[in-house]
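Novice: Take a look at the letters that make up each chain.
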Amino acid sequence: AMEGSPGARIREGDCAVLKRGEVFKAVPVLRRRKIIFEKQWFYLDNAIGHSYGTTFEVTNGGNLQPKQEVEETPTETKEAGTDNRNIVDDGKSQKLTHDDIKALKDKGIKGQEIVQQLIENSTTFRDKTEFAQDKYIKKKKKKYEAVITIVKPSTRILSTMYYAREPGKINHLRYDTLAQMLTLGNIHAGNKMIVMETCAGLVLGAVMERMGGYGSIIQMYPGGGPVRAATSCFGFPKPYFDNLHEFPLSKVHSLLSGTFSTETLPSDPEDNALVEEESNGLTEEKQTSLQETEEEPTAEAPMEINQSEEQETMDINAEDVEFKENKEKENKENVREKQMKQWERRKKLTETAALLREKNADGLIVASKFHPTPLLLSLLEFVAPSRPFVVYCQYKEPLLECYTKLRERGGVINLKLSETWLRNYQVLPDRSHPKLTMSGGGGYLLSGITVVLDKGKSDSSNSETLKMEEPSPKRCKVQDLHC
Amino acid sequence: MSFIEYGDTIKDGDTAIVFLGHESMFPVKVQHGTVTQTKYGVIRHSTDLIGKKYGSKVTCSKGGWVFILHPTPELWTMNLPHRTQILYSTDISIITMMLELKPGSIVCESGTGSGSLSHALIRTVAPTGHLYTVEFHQQRAEKAQEEFREHGVDHLVTVTNQDVCKNGFGVSNIADAVFLDIPSPWEAIGHAKSALKAEGGRICSFSPCIEQVQRTCLAMEEYGFTEINTLEILLRVYNVRTISLQIPDLGKAAEDNSGTGFDSSNPSNQGSPGANLQQGTVQFKSGVPLREMVGHTGYLTFATKS
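Line by line, the protein sequences are chains A and B.
All residue numbers for the first sequence refer to my numbering, where the first residue is 1 and numbers rise by one.
All residue numbers for the second sequence refer to my numbering, where the first residue is 1 and numbers rise by one.
All the given hints hold, so there is nothing to weed out.
Ranges between beta-carbon positions, derived for each pair:
#1 A:P434 x B:E221: 15 to 25 Å
#2 B:E199 x A:E351: 33 to 43 Å
#3 B:E199 x A:E145: 16 to 26 Å
#4 A:P167 x B:H296: 24 to 34 Å
#5 B:R83 x A:E351: 43 to 53 Å
#6 A:P167 x B:Q31: 44 to 54 Å
#7 A:P167 x B:V288: 25 to 35 Å
Listing some non-contacts, in silico: residues in chain A with all C-beta distances to chain B over 10 Å:
#8 V29
#9 Q68
#10 D89
#11 K110
#12 S122
#13 Y144
#14 L256
#15 E344
Hints in this document: simulated from the structure, not taken from any laboratory.
Owing to the predicted nature of the structure, the values given are computational and were not obtained by experimental measurement.
We put the beta carbon where it would ideally sit given N, CA and C, even for glycine.
Could you put the whole structure together from the sequences, leaning on the hints where they help?
Specialist: As structure tokens, then:
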């Protein structure tokens, strides 16, 4: 069985997700690394070796301790009221002050005991209805019984986390919308997928999870390199990455027109991890001007894959000639190493270009901050007929346009523009109802299936792309976004 | 072809999907010498289908044409013969993700019903996982088994004809996930728990009625499940339409002395629709919701075995 088999253990170096109630946070499991989560700070050392799914308490010393299974004392029929007509909220019903509670906490009194104290010192508790008492206890428990569960990352966990914590990073892609994409796209083991996303690598990770390491993925990326911050959180084994390729968007047009070459590459991401400008400027073949704002690959999740080499700042104070000679040797080696790396990158790029040129991908997933139309119109060229594609957009309007352009292009059927509506429920005896808040929107999807492009139509688009030099009005029409 | 692996060309024995147009398609079993009737005419399998590329356009005898599509669980869901009410891809999608299913997963399901979810589960857990599906209706169990065989996925699924509430799933301590879509899921929670692996297994129960959900949540709690969470998901579809709205005639700004604001006698105010439309309309693209939408399928309750 694969990873995730029964009893997966927390190991040093893992990316783990801390969970408290509905709040999640992804953290690297490292010894003596101070973690701050939900107003508590602690070390993860004691968690190492335990199973994922274990619930811990934070001790006074900032260490984790597995929570003991507490026998819920069968509640004897306690005193309770019938309704709140006589309960006045004057803020004075709790006799314990902030200081009293703090004193209890400092004494090391367990959360459970604090809750008990609060109940005993509340003048109105026994007048509340049973339901209100229940609600009160739950609320206090949530505040004072600080338990943390360490869960194994998965699409479910990470997509929920990102949507709650950093929706901006994922273009407000709600987790149920992501779920729809994976199914509508028929993502499964063995596919050859094309993925274009600017969702911090979350969508890529979700696709990789559903492919289980089988098949291959070509990730298209804007700027200098793909952002895979969220992908590293999934904890995929190394072999999964053997068939993960990447290809720069800036080379797509040249690839489609047959003029692709590796002579001018987008800037080496290792050279400018933090510099945006350079990588934008390199695309001389491009006839169009896609606005590219490069995300900083290293700024994302706590779990960073440090892709950039150390930029060694040579600090030459020595007048030593030998030192200088060694320095020259080192420089030469650095240059050679760089050239090796360049050569390798070019080789990989050529291989990936060959994969794309086969035009037989099993599906296309797009989820980015860019206008979807130019992406779809170009990337669909690499997809085989009778294969699904799904485009996500935070807004509906660009997809309306995309739909229209796709109809004009032809070669697609079963186009559907949709969104999903999601609602969570509270289910308790005699108290079941939808929860009070719900997401206002989770984005929109445009999906469809490719078919063999009609000869008539495809001829015209072929001649468009070949006549790169001539600004023919016909060409303007097909790519009229850029006119 | 198979439901779990893409193929390029149509072969004898394949299940293919014939697409006639918007929302109009049906499955067909490709067989040498057979003929399929469509409203556009006849499709001869031997000449029109076998050997053709999936996604090809096929012209039928009357001149109209269709597209032949590679089967997927999603297309199957939209076209399978219903023996029971089925789950659609919207619910199937969230179930798959919340149960954390992926290649290699072991899943248990009851009831099998018409096999809509089953096909989707098999696709997700392939090639190394397995689906154990339990159906208490004998004919349905047999039909499902037959379909799995026809679709080339029977090595990934075990169909058992029994009552899950009485006899469980037939496996213990190995499932990564369990799915229940039965009238009394609370009666199967215990069996679900024993089928699930020791720790971390996920469970999902689908019920149309809130009362069923209440009983199921209680049972889950009693059996020590955690992270119990109930939700519902609905699909909203939009039709892309170009809309023209007429500009109302609010009269002229500079009035001549003869008339008042309400110049009803003036023929140009009434205006023929044709004439006004030419000058006084605004066009825009809109995503128009459908007149009716599915308002409820069922509540989905998820939980984790601790």
